[in-house]
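K.L.:
Sequence lines, in order, name chains A and B.
For the first sequence, our numbering begins at 1 and goes up steadily by one.
For the second sequence, our numbering begins at 260 and goes up steadily by one.
Take the hints with a grain of salt, since some may be wrong.
[Said to hold, decoys possible] Below 27 Å or equal to it, Euclidean Cα-Cα: the simulated DSS-like pairs (lysine-lysine) are:
| id | chain 1 | residue 1 | chain 2 | residue 2 |
| --- | --- | --- | --- | --- |
| 1 | A | 230 | B | 280 |
| 2 | B | 698 | A | 112 |
| 3 | A | 55 | B | 876 |
| 4 | B | 365 | A | 55 |
| 5 | A | 54 | B | 698 |
| 6 | B | 280 | A | 227 |
| 7 | B | 365 | A | 54 |
| 8 | B | 365 | A | 229 |
| 9 | B | 638 | B | 809 |
| 10 | A | 59 | B | 376 |
| 11 | B | 376 | A | 193 |
| 12 | B | 376 | A | 227 |
| 13 | A | 55 | A | 238 |
| 14 | A | 82 | B | 361 |
| 15 | A | 59 | B | 686 |
| 16 | B | 686 | A | 112 |
| 17 | A | 112 | A | 75 |
| 18 | A | 59 | B | 361 |
| 19 | A | 54 | B | 361 |
| 20 | A | 115 | B | 686 |
| 21 | B | 809 | A | 227 |
| 22 | A | 54 | A | 229 |
| 23 | A | 115 | B | 698 |
| 24 | A | 87 | B | 328 |
| 25 | A | 54 | B | 769 |
| 26 | A | 197 | B | 328 |
| 27 | B | 791 | B | 757 |
| 28 | B | 876 | B | 485 |
| 29 | B | 809 | B | 876 |
| 30 | A | 193 | B | 280 |
| 31 | A | 87 | B | 698 |
| 32 | A | 229 | B | 328 |
| 33 | B | 504 | B | 942 |
| 34 | A | 197 | A | 229 |
| 35 | A | 61 | B | 686 |
| 36 | A | 227 | B | 361 |
| 37 | B | 504 | A | 230 |
| 38 | B | 763 | A | 55 |
| 39 | B | 361 | A | 197 |
| 40 | B | 361 | A | 229 |
Treat the hints as calculated values from the structure; they're not laboratory data.
Since the model is a prediction, treat every value here as computed from it, not as a measurement.
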Amino acid sequence: MRYSINIYLSAVMLILISCTSYGQDDARAIYIRATDQLLSENMELLLEVDITDKKGRVKGKSFEVLVAKFGDTEKTKMIWQKPEAAKGTTVIFTEIPGKTGLIEVFTPSNGKIRKLKATQENMNLVGSEAKITSMTSRDPDELIFKLLGEEVVGGITCYNIEVKARENTDASRGVLTVESDTYRIVHITVFDKSGEKTSIVELSDYMPVDGYEHKFQPMRIQTEDFKNKKHTDMRVLKIASRADLRKEDFQLPDEESVD
Amino acid sequence: MILVMLQAKDVVNHSTLTRLKDLAQEFDNIDGIDRCISPFDAQDISVEDGFILMEPLLDSIPQGVAAYKALKSRIIDNSMASRFFFVDDFTLVSLILVKDSKYQDKLLIDEINRTIKIHPGPEEVLMGGLPIVRYSISENIRTDMYILLPIALLLMVFMLYTSFKEWKGVFMPFIVVIMSMIISFGIMALLGWQISLITVLLPIMLIAIANDYGIHMIARYQEHVKRSPEPSMVQICRQIYLDLKRPIIITGLTTIGGILGLLTHTMIPAAQLGLLASIGIAFAIMLSIWFLPAMLSYFKPVIKVNTSRKNTNPAFADRLLIHFSKLVTRRPRQVVLVSVLVAAIGAAGLFFVRVDTNIEGYFSGKSDIGRAITQVNDKLGGSQFISILFTGDVLSPAVLNRMDDYETELLADPSVGSVSSPVTLIKELSKGFYHPDEKGYNQIPNTANEVYQFIEIFTMGGNEDAVEQFIDYNYENSRLLVSLTDGSNSEGKRLINKMQELTKEDPNVKFIAGSFIDRIELADMVVSGQIKSLVLAMCVVFVLLSLVFKSARAGILSVVPLSVAILLLFGLMGFFGIALDIATALLSSIMIGVGIDYTIHFLWRFRKERSMGHDHKEAAYITLTTTGRGIIFNALSVILGFLALTISNFTPLRFFGALVVISISTCLVSALILIPSIVIIFKPKFLEKRIQK
């Protein structure tokens with residue numbers, strides 16, 4: 001699940017971080033124009049996720065998600081809504097560039113709060129999209145863009161843009177397919193260092209975001225994880241801008257206050 | 260599941276663990292391996308300053324004696340690591356490879372072997388698990404074919420030459436065998452049947468049996484040459500054809516009838532073997548009756564072939580036959596009495612016969628696979644499993660507590676190596692939420708929601724595979740996995756009964772399953788197949804002999820030596836602890852089919868001698884000293900053919916070879932001693948023909 005949210009946020013972040021580089025070249029310009037439409041922080045989401053494993057078994061979950069940025073610190077709070085047995089379970093991810101991240105966990109069944117160190121290693125376990133996350137967390141000038149060409153997807157001409165970190169230690173890369181007329185991202189393909197396709201993220205059902213004139217959000221994000229042979233279908237049931245989010249909104253209940 | 264084990268004096272050291280890690284990483288990338296579960300996946304879960312420390316047990320490979328000691332102590336404390344990967348004395352560490360069931364064993368194991376070669380080390384690498392056993396069986400079948408076939412052919416050539424002392428006597432039966440093998444294997448290929456552990460017996464059976472008819476022809480040809488002062492080869496060939504046509508057809512039919520008894524086996528390869536061997540033997544009979552005398556007539560007779568002083572074997576056979584003749588003519592009652600006694604002793608052994616279809620028992624303890632099996636069973640709790648499947652609210656504390664009770668109860672059983680269940684994992688997870696002095700630490704939670712939330716948090720870190728070992732994707736089914744240190748059928752049956760008894764009141768237990776259960780069913784098939792084929796073969800023999808001699812008494816008489824041989828055979832198996840398995844289950848059909856021939860040849864000649872006016876004792880004497888020679892050569896041919904099996908790679912085939920030797924020898928001795936004694940005592944009417952003048 002965290003995997004899906006990461007993909008979603010990564011796609012958004014990947015796009016937004018490079019906004020300042022607009023006009024540097026064709027690929028960069030296309031990329032930035034596409035990113036400009038997306039909301040990436042200070043927002044509230046209601047997500048419904050179906051995860052299908054390699055044997056075709058489906059597990060359904062839903063989450064309430066808050067995302068905010070306080071200075072350099074990025075916080076994500078996920079509260080389980082479904083299934084009933086997990087309702088109220090809360091996880092807060094805190095990420096600070098250059099520092100060890102923190103994962104805080106609240107389990108309502110026993111009222112316990114526990115913390116986990118969010119190392120790169122355990123973040124890698126969360127999902128293969130971590131590579132993009134690492135790219136997006138850098139200065140946009142550290143990213144390299146390349147226009148690979150055009151292709152027709154669903155009757156619409158799209159640009160294919162390759163994005164990778166300038167100092168790409170593990171040589172993984174992503175290819176974004178962007179509609180040439182609306183500049184909406186259709187899908188993101190991630191390749192590993194050997195050039196093998198590890199995942200495809202499809203973004204669709206774009207809707208305008210209330211309160212923002214030029215913001216559109218994909219309401220459906222489907223991910224095919226080839227490595228883990230897993231399919232994730234995430235539907236955004238609700239998205240709202242939350243400029244009012246404060247640090248207190250990212251606190252867990254006191255252990256004592258819970259039975 | 261495949262187990263790859265590194266064995267050394269002490270495996271907790273930097274180089275061994277580095278090698279293990281490299282192997283685990285490489286195995287994970289091999290197509291056909293769903294996942295590689297290694298000690299590096301084991302999580303050390305604890306609470307420290309409010310932090311859940313959910314760290315890999317082997318995050319980094321330690322160096323130095325103190326670090327090794329600390330790691331060993333952490334391994335002992337971690338129930339997942341100490342149960343599944345390391346043995347108590349740290350002489351062995353294992354990797355568990357979960358195989359994609361659709362992937363071919365051979366391709367995968369070749370790739371695993373290649374990977375192991377890329378990462379050499381001083382540790383011995385052993386591999387175990389069902390796919391490895393299956394692979395070893397198919398590889399050893401191939402080796403067996405390459406080795407046993409030429410050895411059996413050489414033994415046959417040796418036996419034929421030493422028996423007849425002329426190359427005609429070697430060449431003729433040999434060509435019959437080769438041609439019948441071509442026919443049988445051709446049909447096998449046409450039908451698209453594969454060579455299995457059972458059908459690997461086909462060439463050996465044909466080498467042993469298909470030349471029997473030719474042997475009688477050659478023996479009779481030499482008998483005529485001896486008797487005739489100026490023998491004409493055409494006349495001799497015509498005469499041997501007339502003499503032996505009927506007994507050969509009859510013995511051939513009884514052999515085919517006996518072997519066709521295998522068709523009643525529920526095991527398909529046994530039925531295939533029965534059909535293919537019967538076709539080969541039928542073809543050999545035709546060749547022996549028509550082709551062999553025709554070919555023989557082109558040669559010149561070799562006179563006095565057996566008079567050479569250097570020829571010790573025929574002289575020995577002749578001497579032996581004279582002894583037998585004297586024995587049966589002087590002490591027929593004592594012979595019958597001793598035979599009854601032997602049969603009675605054999606019957607007592609029947610009660611000790613056990614059935615075992617454990618394929619792990621196919622290999623000797625000295626072979627690589629045999630040693631791997633021993634290590635897995637002795638040190639890692641065994642590689643054969645029985646699962647108790649639970650369904651419903653499997654995360655509820657009530658179900659988990661019952662599982663815990665079953666686990667405790669089963670672990671107390673000496674045949675149980677290890678028991679793993681969601682309880683092990685959930686208790687381990689509780690260590691991440693509770694302090695050691697807190698209630699709840701290393702315990703099953705009080706609510707299903709808490710269990711669910713433990714698992715949810717645990718899987719967030721990418722540990723879904725660890726959970727799926729015990730609980731299915733949607734937490735609707737779970738299993739308790741019991742490994743067996745003793746994979747024998749009797750222990751397995753006992754444990755299954757115990758599990759059934761233990762869980763009979765449990766509404767969440769769906770069923771008890773596992774490949775082990777299939778094996779038990781196979782064992783039942785072996786027993787029922789054995790009984791059915793035995794009864795059918797006996798009936799065929801009885802009916803055929805009754806028809807041939809036009810007397811039911813002939814049928815009964817022919818069954819006597821077979822019964823003695825069967826009782827002795829199974830008695831010996833019982834006394835020596837040789838199990839009835841998929842190979843030895845074929846014994847009775849083959850023994851009846853082949854063993855009855857000697858009785859038929861004796862009775863046929865005896866009746867002829869009686870018709871020539873000899874009294875019973877004289878007829879028995881003449882029959883034994885003439886036809887007896889062919890019977891001995893025939894039996895020797897079968898014995899030597901099957902003797903090759905005693906060097907097989909498979910334990911059941913080695914036992915099978917030895918038991919065929921014993922049973923055929925019993926049939927031979929019965930036909931040469933017991934049957935003559937009975938006919939001398941009881942003087943059955945069906946052997947009385949009109950006296951020829």
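K.L.:
None of the hints should be skipped; say for each whether it holds.
P.N.:
Here is what the structure says about each hint:
Distance check on the hinted pair: residue 230(A) and residue 280(B) sit about 26 Å apart at the alpha-carbon level, within 27 Å; holds. At roughly 13 Å between alpha-carbon atoms, residue 698(B) and residue 112(A) fall within 27 Å of each other, so this suggested pair holds. For the given pair, residue 55(A) sits about 78 Å from residue 876(B) by alpha-carbon distance, which is inconsistent with the 27 Å threshold. For the proposed pair residue 365(B) and residue 55(A), the alpha carbon gap of about 24 Å is at most 27 Å, so the pair holds.
Distance restraint check for residue 54(A) and residue 698(B): the Cα-Cα separation of roughly 38 Å exceeds the 27 Å cut-off, and the hinted pair is therefore not satisfied. For the suggested pair residue 280(B) and residue 227(A), the alpha carbons sit about 20 Å apart, so the restraint of at most 27 Å is met. Of the supplied pair hints, the one linking residue 365(B) and residue 54(A) holds, its CA atoms being roughly 24 Å apart against a limit of 27 Å. Distance restraint check for residue 365(B) and residue 229(A): the Cα-Cα separation of roughly 24 Å lies within the 27 Å cut-off, and the hinted pair is therefore satisfied.
A threshold of 27 Å between alpha carbons decides the hint, and for residue 638(B) with residue 809(B) the separation of about 64 Å lies outside it, so the pair is violated. Between the alpha carbons of residue 59(A) and residue 376(B) the distance comes to roughly 41 Å, so the proposed pair goes past 27 Å and is violated. Restraint check: the Cα-Cα separation between residue 376(B) and residue 193(A) comes to about 25 Å, which is no more than 27 Å; the hinted pair holds. Taking the CA atoms of residue 376(B) and residue 227(A), the gap is about 26 Å. The hint holds against a cut of 27 Å.
Proximity of residue 55(A) to residue 238(A) is assessed by CA-CA distance (about 30 Å); at most 27 Å being required, the pair is judged violated. Simply put, residue 82(A) and residue 361(B) have alpha-carbon atoms about 35 Å apart, too far for the 27 Å limit, and the pair is violated. Proximity of residue 59(A) to residue 686(B) is assessed by CA-CA distance (about 24 Å); at most 27 Å being required, the pair is judged to hold. For the given pair, residue 686(B) sits about 16 Å from residue 112(A) by alpha-carbon distance, which is consistent with the 27 Å threshold.
In summary, the hint linking residue 112(A) to residue 75(A) is supported, as the alpha carbons are separated by about 21 Å, within the 27 Å threshold. A distance of roughly 25 Å separates the Cα atoms of residue 59(A) and residue 361(B); the hinted pair therefore holds under the 27 Å criterion. Of the supplied pair hints, the one linking residue 54(A) and residue 361(B) holds, its CA atoms being roughly 14 Å apart against a limit of 27 Å. Restraint check: the Cα-Cα separation between residue 115(A) and residue 686(B) comes to about 19 Å, which is no more than 27 Å; the hinted pair holds.
A hinted pair counts as satisfied when its Cα atoms are at most 27 Å apart, and residue 809(B) with residue 227(A) does not qualify at roughly 76 Å. Note on residue 54(A) and residue 229(A): the hinted pairing holds, with a Cα-Cα distance of about 5 Å set against a maximum of 27 Å. About 20 Å separates the Cα atoms of residue 115(A) and residue 698(B), which keeps this hinted pair within 27 Å; it holds. The straight-line distance between the Cα atoms of residue 87(A) and residue 328(B) is roughly 43 Å, outside the 27 Å bound, and the hint therefore fails.
For the proposed pair residue 54(A) and residue 769(B), the alpha carbon gap of about 24 Å is at most 27 Å, so the pair holds. For the given pair, residue 197(A) sits about 43 Å from residue 328(B) by alpha-carbon distance, which is inconsistent with the 27 Å threshold. Between residue 791(B) and residue 757(B) the CA atoms are separated by roughly 30 Å; this puts the pair beyond 27 Å, and the hint is violated. With a CA separation close to 24 Å, the supplied pair residue 876(B) and residue 485(B) stays within the 27 Å bound.
Straight-line distance between C-alpha atoms of residue 809(B) and residue 876(B) comes to about 23 Å, which keeps the hinted pair within the 27 Å bound. For a cut-off of 27 Å, the pair hint linking residue 193(A) to residue 280(B) stands: about 21 Å separates their Cα positions. The hinted pair formed by residue 87(A) and residue 698(B) meets the criterion: a straight-line CA distance of about 24 Å does not exceed 27 Å. Between residue 229(A) and residue 328(B), the direct Cα distance comes to roughly 39 Å. Violation of the 27 Å bound is thereby established for this hinted pair.
With a C-alpha separation of about 26 Å, the suggested pair residue 504(B) and residue 942(B) falls inside the 27 Å cut-off, and the hint holds. The straight-line distance between the Cα atoms of residue 197(A) and residue 229(A) is roughly 12 Å, inside the 27 Å bound, and the hint therefore holds. Between residue 61(A) and residue 686(B), the direct Cα distance comes to roughly 25 Å. Compliance with the 27 Å bound is thereby established for this hinted pair. Between the alpha carbons of residue 227(A) and residue 361(B) the distance comes to roughly 18 Å, so the proposed pair stays at or under 27 Å and holds.
Restraint check for residue 504(B) and residue 230(A): the C-alpha separation of about 72 Å exceeds 27 Å, so the hint is violated. About 31 Å separates the Cα atoms of residue 763(B) and residue 55(A), which puts this hinted pair outside 27 Å; it is violated. Note on residue 361(B) and residue 197(A): the hinted pairing holds, with a Cα-Cα distance of about 23 Å set against a maximum of 27 Å. Taking the CA atoms of residue 361(B) and residue 229(A), the gap is about 16 Å. The hint holds against a cut of 27 Å.
This entry does not satisfy hints 3, 5, 9, 10, 13, 14, 21, 24, 26, 27, 32, 37, 38, going by the numbered hints stated previously.
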